[in-house]
Amino acid sequence: MAAGMIKKTFLAPLGKDNPVFVQILGICSTLAVTNKLENTMVMTLGVMFTTALSSWTLSVMRKWIPSRIRMMVETMIIATYVIIVDIALKAFYPEMWKQLGPYVGLIITNCIVMGRIEAFALQNKPMLSLVDGLASGMGYAYVLLVIAFFRELLGTGTLWGYQILGSWWTNWSIMIMPPGGFFMLAIFIWIVREAVFKEGTK
Amino acid sequence: MKTQSFYAKRIQPLVFMALVTVACILVTAALHLSTLERVQINEQFFLWRSVLDAAAISHDGQPESVAALFADMAKTEGNQYTVQAPDGSTRYVVEITGPGLWGPITIMAGFEEDLKTLAGISIVSQSETPGLGARIEERWFTSQFAGKQGPFRLVEEGTADAPEEIDAITGATITSESVRNIMNRVIAESGNISRGQ
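Going down the list, the sequences are from chains A and B. Numbering of the first sequence is given in the working numbering, commencing with residue 31 and proceeding in unit increments. Numbering of the second sequence is given in the working numbering, commencing with residue 1459 and proceeding in unit increments.
Just so you know, the hints here were simulated from the structure itself, not pulled from any lab data. Each hint can be trusted.
What the simulated footprint calls covered on chain B by chain A, stretch by stretch (three residues with Cβ under 8 Å from a Cβ of chain A suffice, anywhere in the stretch; the number is not a length):
1) 1462-1475
2) 1483-1492
3) 1575-1587
In silico SDA-like links for lysine to any residue, alpha-carbon gap of 20 Å or less:
4) K120/A x H1490/B
5) K120/A x T1486/B
6) K120/A x R1507/B
7) K128/A x R1496/B
8) K128/A x R1593/B
9) K128/A x N1500/B
10) K120/A x T1493/B
11) K128/A x E1553/B
12) K1467/B x M101/A
13) K93/A x L1472/B
14) K93/A x T1479/B
15) K93/A x S1463/B
16) K128/A x F1504/B
17) K128/A x G1561/B
18) K120/A x L1489/B
19) K128/A x L1559/B
20) K120/A x Q1498/B
21) K128/A x R1507/B
22) K128/A x I1554/B
23) K128/A x R1597/B
24) K120/A x F1504/B
25) K128/A x P1557/B
26) K120/A x R1496/B
27) K120/A x S1585/B
28) K93/A x A1466/B
29) K128/A x T1564/B
30) K128/A x T1587/B
31) K1467/B x R92/A
32) K93/A x V1473/B
Just so we're clear, the structure is a prediction, and the values are computed from it rather than from any experiment. Backbone N, C-alpha and C fix where the C-beta goes; we use that ideal spot for every residue, glycine too.
Could you build all of it, start to finish, from the sequences and the hints given here?
This is the structure:
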């Protein structure tokens, strides 16, 4: 397998094919979990784990899956990995598990996971699918972390739970509520498309 | 186009799906069973910690010392906990649940021997807005109730000075009101707590 192919597969979801700001996938969780940096980190690690391993598993199985039931099989495999994440958090990181509540289980419905399986893993070799899944998860992760950085900083004056801004700072409550997620995501997409892709000038 | 045989069209997908399902269930069930003990220990730890917090027993938050303190001082009697404080007094801790903004809020309320004065409270579970309503778990908020008798009245954050006044959380009016309602209810019912033998 050419190293160039792996590099291309790895870099596409981080930039020009980013699942969040180009494909506009996985938006629901972008709004739900990005009001605290720590929660976002755990959530995105869970998504990375799930996209990478479910892409790999389904790519290994792709020759045997009867095409008419492939979506059932995909959902089953994705759900299994998500439950693994949920059980691991519950057992070893219970404080975080309590905070994230139902959102970990909702990774199953994250369109990026199934989207990458349908679009990539079913046509490509396992290693390449693993790279694609992992990179898609990372492309999702860094966008969410950027959004969470601003939401937590402006909304509560803290980062990772530590106070950053002094008492002169008035918290923007809107930032940690769902509308804040909409605003930050829209601003982020706007800046990237305007400054990086230069869509406005085309 | 070659028509698929009955086996390939009907039987094989069923068998395949059944095998995948069994394999997935085996993996998740094994993982669930192997971590079950740890999960129960975690839940036990959260419960013990909130009882100790409500009874105003200071601890360092480590699972081992919380377990040791609880075993040493606390007794479970039905749905209430009796805690022997180091200063010789007895404190009674009850659990109470009421509606919050998004879901139920469960609070441990600790009473002094007179069954009127609060020793402390702790939040057992809540699903309020992170960063706003979820701040009811923060120490500055829960510690406001200690040593007071209620019934409570909410005032703007940072302005409480009378004994019945409680700082509400800015941006979380409904959650603050829910906690006030739950606390006023537990105070009204505190006479029913049994002092035991």
